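Residues per chain are reported as follows:
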Amino acid sequence: MVRKILSLWSIYARMDLLWLLKDFNNFILYVTTDIVINFASITGIWLIAARFNGIGGMSIYQLLFMLGYSLTVGGVINSFFSFNVYFISRKIGRGQMDHVLIMPQPVWMTLLTEGFTPVSGSGVLFSGLGVMAFALSRIDNPVNAALIATLAVCIVLSTAISLAFSFLWGSLAFYSPVGAEEICSSVDSFFTSLRSFPLNGVGTVSKYLMLSVLPVGLYAWYPATALMGLSSSGHILLFAVIALAYTGIVMMIFRKGLQHYVKNGANRYNDRGHRR
Amino acid sequence: MLKMERTGTTTGATAVSLDAVTKIFGQKIRKSTIMGSLKSMIRPTVVKVRALDNISFTVKLGEILAYAGANGAGKSTTIKLVSGLLSPDSGKVTALAMDPVRNRVRYMQRTGVVFGQRTELWWDQPVITSFDWKKVVWNIKDEPYRRMRDELIDLLDMAAFLNTHVRELSLGQRMRADLAMALLHEPELLLLDEPTIGMDVLAKRQIIGFLKELNRKNKMTVIVTSHDMDDLMEIAGRIILLDKGQITYDGSFDRLRALIGGQRTLILTTKSITPLELDGAVYEKSEGNRHWYKVDAEKYPIALILHKVPAEALTDVESLRPPFEEQIAELYRSNFGAIK
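Chains as they are written, first to last, in the numbering used here: chain A, 1 to 276; chain B, 1001 to 1340.
Please keep in mind that the hints were generated in silico from the structure rather than gathered at the bench.
Warning: the hint list may mix true and false statements.
Not the full set, but computed from the structure, chain A residues with beta-carbon under 7 Å of chain B [claimed, not checked]:
| # | residue |
| --- | --- |
| 1 | Arg3 |
| 2 | Ser7 |
| 3 | Ile11 |
| 4 | Leu17 |
| 5 | Asp98 |
| 6 | Leu101 |
| 7 | Ile102 |
| 8 | Pro104 |
| 9 | Trp108 |
Please read all numbers here as calculations on a predicted model, not as lab measurements.
For glycine and all other residues, C-beta sits at the position ideal for the given N, C-alpha and C.
Same shape as in the complex, but just chain B:
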């Protein structure tokens, strides 16, 4: 695994630490035949799935960590472990100097959790009632409650729907209200599992901007998972990539981009239908007199490649950068081991 420099506003002390954590789930294998099903009833076949395999990492106080990986990579399992909803099979989880399961009550007083596809709000009540409910359950004193509530209403632009019943909110509005709920008690640690799922671009921008502002002002530690790499890149400075329960990359986004970011697709339109042979470019395909090449621009700058091509042979040149997500997917496909 590559260890890169850490980025973000950190204070040096550790907020979250996972030490050699392994989590294994048993998965029953169902048979499609009647005989097979009958046999499974008596002696079910249980396959052990290693959701997390000897994972270790730390998150500094005030750091924003992006946690990414394909479906089933172990992202949600990690968030559940750090939330105290799940205990590890081996290894140790420590957050805010506590064991999240053993010290659940004290720990949750200082932690906020948002699961993108769940809500902590009361469905048949106005948003503000859920906030009042939170005040009682979390024992928030009057003054900090009012201050934080008003600040959140302002920052998340919620004044217009504060008295609207939760079931009548749009997804973006509900997510903002859920985020505010998680922050009302001014948590030191915020765990976000897919907070931007299903949201439109505008709502996403609003939430991402808000999280960054909160981290800058309050030095709150944030761990965020998402499928959307662009979102994560905007929020966090550091990213951990997971694949099949193992960390394949832990470091800065800049370094990750540098590792994979040189990939370009070069499309040359020439006067001939025969593709040119280019040093440093791998020929892929042709369509008439348009020819596709793959280039690692870090190793072979495009200008240098084109310098050797006679100008009269070219009609047009296009250089495309694949989306970041696609590049990561490609990296997974080609086995991350290559860059380990």
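Bound conformation, chain A alone:
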């Protein structure tokens, strides 16, 4: 199974590279726009932090670390879940799950590999990693193998939560293909606009709301504060439990939706965005 996943990632990486070589101008434009948009989404917070020398108990470089973390998670999503895998409601709403179902492999394997674009999607990922490395060089936290390993695990967990949240709302498209086709874009906008805000000063109810039902705090703030030692290291364990529970629940909901799709069929088909 691992071998199959690696082979699939390998062919998708090759195809991504071929796309780059075919249309270099388009590629540069695409990557640059992506980086600019993502940087723009964190600049506001960065400027406020710079003006007031930090926000809500976080120093300016701790905040920069959090922003870099958030960019990195966005970059992982871009690199691994392109081709509307992250925007799953489009795939479902347009009847394109039919293409997934005629492939002789589990649906999860298709969704895990089909959106792999390590060349065109990695601009934001490397920018995020760069920002994090710069921030870490300016704060006192010791950078060792343990921190790097925990950081990598946290990024995977944040990606899982973000993906699960998108799939949770995207599953609505199984029941209302037209109405919910673009719901994942709204989920993405929600994350993009709120993921960079530190939640230190937010009221308790709002904070817990943003760490559970609307898990925007789990995208970057919660793991970043734990990684920088601003909260107890037990929070990372709790974070892992939440991420796994969240992903498990969403997998069940998505599975149920897929069963509904196979029982009722897709009553519309639109090839927009399919394998292009």
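Mind docking chain B on chain A? Use the hints.
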């Protein structure tokens, strides 16, 4: 329903079987008034549409089956059921001794599907890259992949556009590439939903010839739907006709043609503007001294009808055979029940 003799190259074993399959879809009825729409929001009116109504048939291994019917007859629903994209509400679908939904992964390894209005190819990649992608996803070994790929490139005449990006292909070229994609893993069962839609005559001929050749060589089972009766007649020996979710005919094309094929339009040009009375011909209309009659040539051979007409009364005789599609449509209009 008429049961006719089966035709085609078959081996006797069953490839696909539908046993009392029913598929019902719910259709929301929208109201045109504001009050009606508001009421529909709270309590929508849902009409049950029986896309397939207790359908049963089997397809033998190595057989080519044409599946035809008017729009909404249930053709695509059947193809989706056999593809495992849809599960039946009642009844049982078995293909290659498997349940297509429950055994999806194993089943799709042995099945090829082509939907005429969709593509499995990668739009921004050369055709050959999509083939390489298929090799990985379908776990095709190097040797059979190369052999089949080269054979398909040759048979479908694809060498010229193998390195062309899919978005730059003509419809005919794209269909050929899509067909090749579906066949690369040497499926035992091929499901084709409108494979020739929108194609020109030359491209159609090429694809039909190729399918027949593949069936002859590899004994591959094929189920094909199309609106074009002439295409189906060329590909398949057996046809199932659907109407409103029910099978109205299941048998050979020859027998179907015999059932409906005697219909002729006889046009007589006479010296008089008064139409002649002919035994066995039904008078339809006149335009000057040209007179139209409908004849069932199976029952009343035209030669026999004309034998009784004085030669000096006639100036010209024309006999027209309506296109097969028109005859089927006429049969639908006159309710297929008449020949049940």
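Original post:
What are the numbers of the hints the structure violates, in ascending order?
Top reply: 1, 4 and 9
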